[in-house]
Amino acid sequence: MRFTDQPPSYQHLMAMRDRESGAKPLRENAFIDCGWGRLLMGHTFSNPRDIAAQLVHESPGKRDIAMYVADPHVVLAAAPQTLFLDPSDTFRLDIDELLVKPSAAPAITVSRVSTIEQARAVNALYLKRDMVPTEPEYIWAQRASHQIVWLVATDNNSGAVLGTVMGVNHLTLFDDPTRGSSLWCLAVDPQASHPGIGELLLRHLADYFLDKGCSYMDLSVLHDNEQAKTLYEKLGFRQIHTFAIKNKNAFNETLFLGPELEEDLNPYARIIVDEARSRGISVDILDAGEGYFRLSQGGKQVDCRESLSELTSAVAMSRCQDKLVTHRWLQRAGLQTPAYRVAGRTDANVAFLEQHKQIVVKPAVGEQGAGITVGVDNPEALETAIAEAARHHPRVLLESFHPGDDLRIVVIGFKVAAAAVRKPPEVIGDGKLTLQQLIEKLSRRRSASSQGESSIPIDNDTVACLAEQQLTLSSVIEPGRCVKVRRTANFHTGGTIHDVTGELHPLLVAAAEEAARHLQIPVVGLDFIVSDPTQPDYVIIEANERVGLANHEPQPTARRFVDLLFPLSTSVHDARDTGVSRGE
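Quick note: the sequence shown uses the working numbering, first residue 4, plus one each step.
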């Protein structure tokens, strides 16, 4: 990477100001509160030690950053135990023309935050992306600020906030004679179906700053994020030579301690390991590829495979693994399940289908949605679905079909910890690409955002789902039209997850907790079909003994899990769930 230039020093800024006739006095030692922490403009500090003096007074739960530091060695020498040199690169875009085409993304609107609900959505995106949260009230209070701006990308059909970006205007912050600006906190919902949201937000922010008289926009990116760097260079950014300093806090641990050796831990194991380490609990990785690890504190040791621990007995685990057994046990507890039977003779299978009109066919033992066919409504499709399910397990289960939302409720320690509605994957037409191309592009984005845990297979279920809408894989969809591409909502096959923990009807909470108690399993993910999470009607269709806690952020599921295993341990910080978790 070639450095093309570097920001001016404090002396150069002062000289530029002096050369401008009638220029306002340069604001020295400039910084701004961004909600997640303070952004210090290092090149406005005449004494590098003053930068260190500001940084060491970082507020708890915040993440201060000093940018444009010309003498990082002097700053670090002033507080070597507290500060570190951030391993990020800075890129600059010279803004000399509008970057947003009038026809760009007709299904999305980009604007400043205009409602408190949008401000809350911005914070929810930060939490989803494991970023430092910002109080929605602070974002809302700054909605008309001339120094800081939040833009949001909203879906024109649903009104949902799909992405956000924050920008700082250096002109209004410290009368910058170079007329600069900077981009921060670009976050896109990892489950958004629309492509190119991040690039669209970036372009809109550049246009916003161009309108405000700025001549360039800077951004910071981790030095090893080659994918992002490639995109920025494609858009015309160039790397500049400057440094950033940060505090050695919990948010920055991986930056100053380096990555953990077990880089191949999946996100479901990683979220628990990180929570345990934050409490001082020792972690031994037993099998990174399969998610096995051992937690130790004092004289206590617990072996885990992701969220499955030694606290779950083998017998309880077997009750959840076999869906037929799960149904029997839940029915005995007086809980509602679908009507069901084991697939057998063809005439009996067809009779069950005729009785219920539509059914679901699934292997009795399986996970991640493999082999499941939803909405079978004729004998030919029934025969095909049974054969597909039998590929995954010899015993095949037939269930009555119940329309509604697919609701996952996580129970930890026999108390509800999180709940989310899962929706089948959808693509948005652009009038150019075929449905197969759109599905493949969305699948790549889902895989990248989930570390390979979620992707959309193109199989018989995909083809059948499209056929129900009179479409094929080769169909080209008009711009903005939304098309469901699978009938199942499983996360691993591309389904999206939407937190509804705070909206659950009390009867659903009671049913989930009773199911966990009756199955005698302390950590479980229960799959419900409901008309609405706020309503009492339900059926329970499955119980997952190894629930993916990472899918339910920002709810503090990992914290609740470690609380269960080590109730006397103390979490040193848990900023991510501030004001979000239900009843806490």
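Worth double-checking, as some hints may not be accurate.
Below, in silico cross-link-like pairs of lysine-lysine (PhoX-like), each with a Cα-Cα straight-line distance of 25 Å or less [said to hold, decoys possible]: (1) K232 - K303; (2) K104 - K303; (3) K435 - K131; (4) K104 - K360; (5) K251 - K104; (6) K232 - K131; (7) K360 - K251; (8) K444 - K237; (9) K251 - K65; (10) K251 - K131; (11) K360 - K131; (12) K131 - K444; (13) K215 - K251; (14) K360 - K435; (15) K251 - K303; (16) K215 - K104; (17) K444 - K426; (18) K487 - K131; (19) K131 - K215; (20) K435 - K237; (21) K303 - K360; (22) K104 - K426; (23) K232 - K444.
Note that these hints are calculated values from the structure, not bench results.
Index of numbered hints that the structure contradicts, given in increasing order: 1, 2, 3, 4, 5, 7, 11, 13, 14, 15, 19, 21 and 22
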